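Asks: Here is what each chain is made of, one letter per residue.
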Amino acid sequence: MTRTARCAAALTSAALLLTAAACADGTTPAADSGGAVDQSAPVTITIGDRPTPDKPNDIAAFDRNVKKFMTENPNITVKSTETKWDAQTFQAQVAGGSLPTVMNISFTEPANMIPNKQLPDITDELKLVDLTKDLNPQTLKIVQDDAGRIYGVPIDVFSVGLAYNRALFTQAGLDPDKPPANWDEVRQYAKQITEKTGKAGYAQLTKDNTGGWMLTTMTYSLGGTVQSQDGKKSTFNDAPTKKALQLLKDMRWTDNAMGSNFLYNQEEIRQDFAAGKIGMVLQAPDAYDMAVKNFGMKPADYGHGALPQDGGPHGTLTGGSLKMINPKASKNEIVAALKWIKSQDFDKYTNEQLAVQNAKETIADKGFVGRPGITPLSQATYDQYNKWREPYSNVPVKQFQGYIDSTTSLKLLPEPSNKGQEVYALLDPVVQQVLTKKDADIDKLLTDAASKIDARLAR
Amino acid sequence: MALSIRNDAQSRRGLLTWYRSGGLSAIFFALPLVLIFLYFSWGPIVRGLVLSFQKNNLVTTPEWVGWSNFSYVLADPQLPQATLNTLYFAVLALIFGFPVPLFLAVFISELRTTGWLYNVLSYLPAVVPPVAAILLWKFFYDPSGTGVFNTILGWFGIDPLSWLNSPNLAMPAIVLEATWAGAGATAIIYLAALTGVRTELYEAAELDGAGIWSRVWHVTLPQIRGIILIMMLLQLIGTFQVFTEPFLFTGGGPDNATTTILLLIYRYAFINGDFGAATALSVLLAGVLCVLSVVYHFLTRRWSTT
Numbered sequence: 001m002t003r004t005a006r007c008a009a010a011l012t013s014a015a016l017l018l019t020a021a022a023c024a025d026g027t028t029p030a031a032d033s034g035g036a037v038d039q040s041a042p043v044t045i046t047i048g049d050r051p052t053p054d055k056p057n058d059i060a061a062f063d064r065n066v067k068k069f070m071t072e073n074p075n076i077t078v079k080s081t082e083t084k085w086d087a088q089t090f091q092a093q094v095a096g097g098s099l100p101t102v103m104n105i106s107f108t109e110p111a112n113m114i115p116n117k118q119l120p121d122i123t124d125e126l127k128l129v130d131l132t133k134d135l136n137p138q139t140l141k142i143v144q145d146d147a148g149r150i151y152g153v154p155i156d157v158f159s160v161g162l163a164y165n166r167a168l169f170t171q172a173g174l175d176p177d178k179p180p181a182n183w184d185e186v187r188q189y190a191k192q193i194t195e196k197t198g199k200a201g202y203a204q205l206t207k208d209n210t211g212g213w214m215l216t217t218m219t220y221s222l223g224g225t226v227q228s229q230d231g232k233k234s235t236f237n238d239a240p241t242k243k244a245l246q247l248l249k250d251m252r253w254t255d256n257a258m259g260s261n262f263l264y265n266q267e268e269i270r271q272d273f274a275a276g277k278i279g280m281v282l283q284a285p286d287a288y289d290m291a292v293k294n295f296g297m298k299p300a301d302y303g304h305g306a307l308p309q310d311g312g313p314h315g316t317l318t319g320g321s322l323k324m325i326n327p328k329a330s331k332n333e334i335v336a337a338l339k340w341i342k343s344q345d346f347d348k349y350t351n352e353q354l355a356v357q358n359a360k361e362t363i364a365d366k367g368f369v370g371r372p373g374i375t376p377l378s379q380a381t382y383d384q385y386n387k388w389r390e391p392y393s394n395v396p397v398k399q400f401q402g403y404i405d406s407t408t409s410l411k412l413l414p415e416p417s418n419k420g421q422e423v424y425a426l427l428d429p430v431v432q433q434v435l436t437k438k439d440a441d442i443d444k445l446l447t448d449a450a451s452k453i454d455a456r457l458a459r
Numbered sequence: 001m002a003l004s005i006r007n008d009a010q011s012r013r014g015l016l017t018w019y020r021s022g023g024l025s026a027i028f029f030a031l032p033l034v035l036i037f038l039y040f041s042w043g044p045i046v047r048g049l050v051l052s053f054q055k056n057n058l059v060t061t062p063e064w065v066g067w068s069n070f071s072y073v074l075a076d077p078q079l080p081q082a083t084l085n086t087l088y089f090a091v092l093a094l095i096f097g098f099p100v101p102l103f104l105a106v107f108i109s110e111l112r113t114t115g116w117l118y119n120v121l122s123y124l125p126a127v128v129p130p131v132a133a134i135l136l137w138k139f140f141y142d143p144s145g146t147g148v149f150n151t152i153l154g155w156f157g158i159d160p161l162s163w164l165n166s167p168n169l170a171m172p173a174i175v176l177e178a179t180w181a182g183a184g185a186t187a188i189i190y191l192a193a194l195t196g197v198r199t200e201l202y203e204a205a206e207l208d209g210a211g212i213w214s215r216v217w218h219v220t221l222p223q224i225r226g227i228i229l230i231m232m233l234l235q236l237i238g239t240f241q242v243f244t245e246p247f248l249f250t251g252g253g254p255d256n257a258t259t260t261i262l263l264l265i266y267r268y269a270f271i272n273g274d275f276g277a278a279t280a281l282s283v284l285l286a287g288v289l290c291v292l293s294v295v296y297h298f299l300t301r302r303w304s305t306t
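Heads up: the protein sequence lines correspond to chains A and B, in order.
If you're matching positions, the first sequence starts at 1 in full-length UniProt numbering and goes up one per residue.
If you're matching positions, the second sequence starts at 1 in full-length UniProt numbering and goes up one per residue.
Same shape as in the complex, but just chain A (with noise of 0.2 Å):
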């Protein structure tokens, strides 16, 4: 190398250097952090998430709702872009500086985002709007830091309860309006489902991940853990998860109620579901949506229970969606993107003619009114909404009696934070095992798998 080509390459590098230097600044809240908050003051924010082309009833509605809260708003500009959250290209937006200033994204993100300082923290905005009281306590944890600082806004919780056939379960003799609360009698009911019909009795959720997200959910209701609370350790090789396994095995094997179809996504099992062909199936309430809608299910074949517990309530896995908000924004423009946020998700659970206007849209557009979920705010807030909206409720609510019980009495468990997608991976194929070899192993099985995921998680 030349002596002005080893110069050129250390400016080079020192460029790099620079570069990099600067753009890991950008990941800490910007430089006014310390200023006083000016309410009045002209501020302009991006909005990802915009409807595509393909909904033209969706852009009209979310156009109408910038035009309104800009006029309730004056010194506010909304800018809107189509970006929303891809677990495949997120982390090089964030790296890269392009999010809006207010996006949704799943609660996987936030326990790997937030010690990485790629949320801001908006504790104190989120009382100047107002919006504190209102969140749920057990949701908030998964945006909180140890300190009880707030990062994020969740709008949209889901937990995993128990999807039934109701017209099946008449068919076997049992009552529809009782679901199973405890594993023996899952496994007592698919036997006599299967016995009585012929159809399957019980199906699990096997492939492309979902076996794993499965067999987590169902150790968490069994009390056990899968991973530990640092995410460097896998926790799975003990008796909850083995517990599941075997009566995952006991189903498939001794009673033969499960049908025969071991393969299944999260798709295909909600199609053969809303054909009949299965009786109950681990589920979050919104597989309702897809089986009536996609697949033509009668609404009044479906139930939906509580998450089977064993051994004391233990509690179910939850996950959902939050608004975050742009790492670089400006104390002005948190509290403007955290106005934007209460006039979209809120408002209409604290304005009664918001909240029958957005039903009625809802309806127009062939969606769902009433369908239970979880509430992203406080109890009492929620059910004075429910009720504004219950004379145009299109879903049969009282088939959900025993999931709507247990979002109040079962505790919100989230999913693995270390690698989860690939914990669920590595797991997949111990499911499968165990529904299509009578022979299975399952402490090998175990020991295998966690020997596999230790090495990734330290990876």
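Hint data in this document are derived by calculation from the structure and do not stem from the laboratory.
Mixed in with the good hints there might be a few duds.
[To be verified] Among the chain B residues that face chain A by a calculated CB cut under 10 Å, a handful are:
#1 144
#2 164
#3 253
[Said to hold, decoys possible] Derived DEER-like restraints, expressed as beta-carbon distance ranges:
#4 B:270 x A:141: 26 to 36 Å
#5 B:130 x A:133: 47 to 57 Å
#6 B:91 x A:448: 19 to 29 Å
[Unchecked claim] Okay, derived cross-link-like pairs now, EDC-like style, lysine to aspartate or glutamate, Cα gap no bigger than 16 Å in a straight line:
#7 A:232 x A:454
#8 A:452 x B:76
#9 A:419 x A:454
#10 B:138 x A:267
#11 A:233 x A:454
#12 A:242 x A:310
#13 B:138 x A:272
#14 A:348 x A:361
#15 A:366 x A:286
#16 A:242 x A:443
#17 B:138 x A:268
#18 A:117 x A:146
All of these numbers come straight from a predicted model, not from anything done at the bench.
Virtual Cβ for every residue (Gly too), placed ideally from N, Cα, C.
Keeping the supplied structure of chain A fixed, place chain B upon it in accordance with the hints.
Replies: Coordinates of chain B only, in the frame set by chain A:
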């Protein structure tokens, strides 16, 4: 000395003629194409090679890690099974999948009048988009007694098979679909080769009293053996890269019975976000395929027509 002067003058004159006859514009004409080809065709290959020596999640600054990606993927307990599965697929495809299009092509070429109809029928599966075809076959493979194939088996008093749900049957089932999907397109290539076989040879064979089988054996096959050898190599390379079928049919299951090397690469990259490991395994696979091609070339040189 004299010789070299003459050579010099000759080459200078050659350069001049080349320039005068528009050689430079030819280069300008070809250059963008060559550059585009280099960038888009070879760029990713080189980049992949670089990536295989890095710890890189495409977000943070890449970090050079030497051979550690390679040792990581080679030590992965899933690799032996994925390799065996891939080899198993290749062998099954060779035994069952390879003769089918050849047979189809010979059969169609023997039909003088309605050949076009069979031609269309055999090529049709190649027109169906692979994803649609696989979804359709999934329906055929329904493991319950009411599934299409199981209903047919039922007519003969055979118990329903669990097809994709059985670790033993899943791979053969996938090969069956892949053969169905690929046979038509390959048969077309054989048909094209068959039209190049001189008809005198058949006439001579017929005069010698050769029947149809003996004509196929002694005339057709030897005449198109060059194409057969090439197709076999292409199929080998293709089967080592099987992805779509196991991905959509079984997701690699049940119990990893259909996890192929490419599926493993996909998981490294898109589930684990570990692009270093994914490219390292890809590079290894590419290396093995190169060696395989060379060995194949030398093994079959004796039979090759060229």
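Asks: Which of the stated hints cannot be reconciled with the structure, identified by number in ascending sequence?
Replies: none
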